[in-house]
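Visitor: The chain contents come next:
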Amino acid sequence: MNSLAKTLTIRSSPHIAAVAGVDTIMFNVVMALMPVSLYAVYAFGLSALLVMVTAVLSCVLTEHLLCRVSGRVTTVGDWSAVITGLLYGLTLPPSLPLWMVVAGGVIAIGLGKFLFGGLGGNPFNPALVGRAILQAAFPAAMTTWPVYEDRPFAALPTSTLTLPMTVPQYDGMTAPTPLSDWKFNQVAASTGDLFLGATAGSTGETCALLILIGGVYLAARNMMSWRIPVGVIGTVAVLSFVLNLWNPDKYAGPWFMVFSGGLMLGAVFMATDMVASPMTHLGGLVYGAIIGLLVVLIRVWGGMPEGVMYAILIGNALSPHIDSLIQPTVYGTAKGRKKELAKGGAK
Amino acid sequence: MRHLLGTKTFAHGIHPPEFKADTKDMAIRQFDFASLLIVPLSQHLGKPAIPIVGEGAEVTRGQCIAQPDGFMSVAIHAPATGMIRKIARSPAINGKMMPAFFLEPFPASTQEMPGGNPCDAETASKDEIIAAIQQAGIVGLGGAAFPTHVKLKVPDDKQADLVIVNGAECEPYLTTDHRVMLEHANDIMRGIPYVMKATGAPRAIIAVEDNKRDAAEVMRKAIPPGQPISVEVLPVKYPQGAEKMLITAILGRKVPSGGLPIDVGAVCINVGTTAQIGALLPSGQGLQDRVITVGGPGVRRKGNYRIPIGTPLRYILDKVGTEPNVSTVVMGGPMMGHAASSLDIPITKGSTGVIAMVDDQTDTMISRHEYPCIRCGHCVDACPLFLNPSQMGLLANVQRYDEMASDYHLMDCFECGCCTFVCPSHIPLVQKFRVAKSAIRKAKAAV
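In order, the protein sequence lines correspond to chains R and U.
In short: position in the first sequence from 1, add 362, done, that's the numbering used here.
In short: position in the second sequence from 1, add 13, done, that's the numbering used here.
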C-alpha cells in the first residue's frame with residue numbers, strides 16, 4: 363500500500379495558475395511609485411513627506427475601520443488602499459494642511475471606493491474622488507504652491523499644521539505652477555525643468571522622468587496597460603502640436619503640455635486604474651484619447667490652468683460605455699467570418 | 014500580418030510553464046500488467062459499447078470484447094490475455110459510475126497479440142477504412158476520445174482539403190506525442206495515408222510546436238519521398254493543440270461558431286491516434302494500450318510508459334513510487350485534465366497523462382485568496398476565442414446563464430482554462446462556465 367492512502371484533493375482544472383495575484387500587482391504599483399514619492403520628499407521636504415504619510419494612513423485606516431464596522435474581513439492586505447492613499451497624496455500641494463489631507467483620504471476610500479462595494483466596484487479612481495472634493499471645498503488651499511526651497515527639511519510651513527476648520531496661513535514664498543504661469547502670464551517653463559521636476563506643483567507631479575520609469579516598469583511586467591498612457595499622452599501631444607503650429611503665442615507646444623501639470627502622473631498612474639478603465643486594448647486607446655482630448659480642451663479653453671483630474675474622472679464615467687461598445691469579436695462569429703468567406707476558406 | 018512576420022500562430026493564448034524537461038528525453042517503456050484491469054464500456058464520446066463476452070470468459074489480448082453500439086461508438090478490445098471476472102459498475106474520472114469489464118490477466122501468459130483482418134490503405138475503400146478504424150476501437154488519443162472514424166467521415170456536401178496531424182502537445186508535463194513522434198515515425202507515416210484516403214484530403218501537414226524541434230526533424234526525415242506531407246513548426250503557445258487554434262495557426266481560417274473543422278476544409282487528427290492507425294490497421298489488431306506520461310513533482314520514477322487500458326491509477330503510482338505529500342492526481346494535463354477522486358479509476362483511451370501534484374505546489378498555485386474582479390482585462394487578453402470571461406464571470410455569479418450564452422457565446426468556450434490561469438484575482442472562471450454550460454444543457458434537455 364503506498365502513501366497515497368490519504369485523501370486526495372479534488373478540484374476542477376486548470377490545476378496550475380500564473381503566480382502574480384492582485385496583491386502582488388498592487389504591491390508592484392506601490393514600488394513603481396516609490397521613485398517619484400522619494401523625489402517629492404527631496405524636492406518639497408518634510409511637508410511633502412507628512413502629506414503623503416497622512417494620506418496613506420488616512421486611506422488605510424478608513425478602509426480598515428469601514429471593513430470592521432460592516433463586519434467584513436479587513437481588506438487592507440491587498441495593498442489597494444495604500445495605492446489610493448499614495449496616489450492621492452501625490453496629487454496634493456506639498457503644503458496642504460494635514461487635516462484637509464485626512465478629510466480627503468476618508469472621502470476617497472469611503473465615498474470613492476467603499477460605497478461602491480470596495481475593490482473592483484469603484485466606477486471612479488478613488489484617489490481622484492478624494493482630490494476632486496477637496497478641490498471643490500478648499501480651492502485656495504488646493505492651488506497654493508510653495509517655492510522649491512534650498513533647505514526644505516529645516517522647518518515646516520505653518521500651513522501644514524493648521525488647525526481644522528481654520529484658514530491656513532502661508533509663511534513662505536509661493537509660486538505659480540508652470541501651467542498657471544502659461545495661462546495667466548504666457549511664460550513657458552523649460553522642458554528640462556519640467557522633465558526633471560524643478561518646478562512648483564503637486565508633490566508627485568513634477569518629475570516626468572521618474573513617473574515614466576515607474577510606468578515602464580509596470581508595463582514591462584504586464585501590470586499596467588501601456589495603451590492608456592500612450593493614448594492620453596499621444597493625443598495631448600498631437601493636439602497641442604497642431605494648436606502650437608497654428609498660433610505659437612497663444613498655445614503652448616507639445617513638450618510643455620505633456621510634461622507640465624498632472625498629465626504624466628495622471629496618464630501613467632491614475633487613468634490606468636484597472637477597475638475604472640476599459641478592458642480591451644482598443645478600448646484603452648480610445649479611453650486614453652478621450653482623456654487626452656479633454657485635457658487639452660480644459661487647459662486651453664477652460665477657466666482653470668489644469669484639467670487632468672476632471673478629464674480622467676469623465677473618462678472613468680465613460681469607461682463602462684466604451685467597454686460595452688468595444689467588445690472583442692468572438693472567434694468564428696459573423697464579423698470574423700466574413701473575412702474567411704471572402705478568402706474562400708469556408709466551404 | 015502573421016505571414017509577414019513569419020510566425021504562424023493564433024491570437025491570444027498563454028505561455029504556462031512547460032514542465033516537460035523531466036520526461037521528454039525518456040523513451041517509452043512497456044508497463045507491467047496489473048493483477049486486475051478495469052476496462053470501461055464507455056471510453057469514447059457516444060454510446061457505450063455492447064459486451065460480446067460474458068463473466069467467466071477467457072479472452073486473448075487484443076480480442077474484441079465489446080461491439081460498437083451504432084455509428085457514434087467504437088469497439089473495445091481485451092488489454093490482456095486473462096479471464097473476465099465480472100462486468101460491474103466502476104468509478105470513472107468524471108465522478109460517475111460506469112459499467113466495466115473486470116479482467117484478471119493470466120500471470121503465466123506471454124501476452125502475445127494475434128492479428129485479425131488487415132486493412133490495406135492502398136486497396137481498401139474509404140468506407141472500409143472508416144469501418145476498420147471503428148472496429149479497431151480507435152478514438153482521439155489527444156484526450157477528447159472522440160471516435161476517430163466519425164471525424165474522418167466527411168459529409169457528402171463538404172470537402173476536406175487538408176489533414177492536420179496534431180503534434181502540438183501544448184499541455185504542460187505531457188510528452189507522449191513528443192516520444193511517439195521520435196520513436197514511432199514509421200507508424201505515423203503508415204497511418205497518414207489511411208487518414209488522407211478516408212477523408213479525401215489531398216495533403217497533410219504535421220504540426221509540431223517549437224519546443225519539439227527534434228521530433229519535427231524526425232518527422233521531416235520520415236516522410237516517404239513524393240508524399241504530399243509536410244511538417245510545420247509552430248511557436249510554443251497554449252492552447253495550440255486545440256483543433257480550432259491549430260487550424261487558425263496553420264491555415265489562418267477560423268472555424269465558424271458552432272461549426273466543425275470540416276466547415277473550413279480541415280480535419281485534425283492527433284499524432285498518437287495516427288500512429289495507432291498505422292500500427293493497428295495493417296495487422297487488423299485492436300487498440301489495447303496507449304502511451305501515457307507519468308509525471309509531476311509527486312512522482313519518483315517519471316517517464317513515458319505504454320500502459321494497458323484498464324490499469325488502475327493505484328497500480329501505476331505504486332509502481333513508479335510517489336512522494337508522501339501528493340495532494341492531487343490529475344488525469345490528463347494540468348490545464349484541462351481531471352483530478353481523480355479515487356485511485357481505482359483506470360487508464361482509458363482518452364488518458365494522456367497521470368500527473369501527481371504535491372501539497373505546497375497546489376497550495377501556492379491554486380488555493381489562494383479570491384479577490385473581486387478588478388477588470389484588469391488579462392482574461393480578455395488570454396481567451397483564444399475572444400470571449401469576455403470577466404463579463405461572463407459576473408453574469409455567472411447571478412446565474413444569468415441564458416444571457417451568457419445568447420450575448421457572450423458561452424457555448425463556444427472549450428474550457429481551455431486560460432482565463433483562470435491568468436486571473437490575478439484567482440476567480441475560478443472556467444469552473445463557473447462549466448457549471449453554466451451544464452445548467453443550460455440540462456434546461457434544454459428538460460424541454
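Rather than coming from a laboratory, the hints here were simulated on the basis of the structure.
Just so you know, these numbers come straight off a predicted model, no measurement behind them.
Treat the hints with caution; some may be incorrect.
[What the hints assert, rightly or not] DEER-style ranges, computed between Cβ atoms:
1. His382(U) / Gly615(R): 41 to 51 angstroms
2. Pro485(R) / Glu416(U): 13 to 23 angstroms
3. Thr520(R) / Glu416(U): 51 to 61 angstroms
[Claimed, not checked] Partial pick of chain R residues on the chain U-facing surface, computed with a CB cut under 7 angstroms:
4. Ala379
5. Val384
6. Pro485
[Claimed, not checked] With the C-beta cut set under 8 angstroms, the calculated list includes, among others, these residues of chain U facing chain R:
7. Met96
8. Ser419
9. His422
The C-beta atom is built at its ideal place from N, Cα and C for all residues, glycine as well.
Visitor: Against this structure, judge whether each hint is valid.
Guide: Now the hints, each set against the structure:
1. A hinted range of 41 to 51 angstroms for the beta carbons of His382(U) and Gly615(R) is consistent with their spacing of about 49 angstroms.
2. The hinted window of 13 to 23 angstroms between Pro485(R) and Glu416(U) holds, with their beta carbons roughly 22 angstroms apart.
3. Hint check: Thr520(R) to Glu416(U), Cβ distance near 59 angstroms, so the stated range 51 to 61 angstroms holds.
4. For Ala379(R), the interface hint holds, since its Cβ comes within 7 angstroms of a Cβ in chain U; the closest pair sits about 5 angstroms apart.
5. Residue-level restraint check for Val384(R) holds (minimum Cβ-Cβ distance to chain U is 4 angstroms; threshold 7 angstroms).
6. Proximity of Pro485(R) to chain U is violated relative to the hint, the smallest CB-CB distance being about 11 angstroms (cut-off 7 angstroms).
7. A hinted interface residue such as Met96(U) counts as satisfied when its beta carbon comes closer than 8 angstroms to some beta carbon of chain R; here the least separation is about 25 angstroms, so the hint is violated.
8. Checking Ser419(U) against chain R: minimum C-beta separation of about 12 angstroms lies over 8 angstroms; hint violated.
9. At its closest, the beta carbon of His422(U) sits 5 angstroms from a beta carbon of chain R; the interface hint therefore holds under the 8 angstroms criterion.
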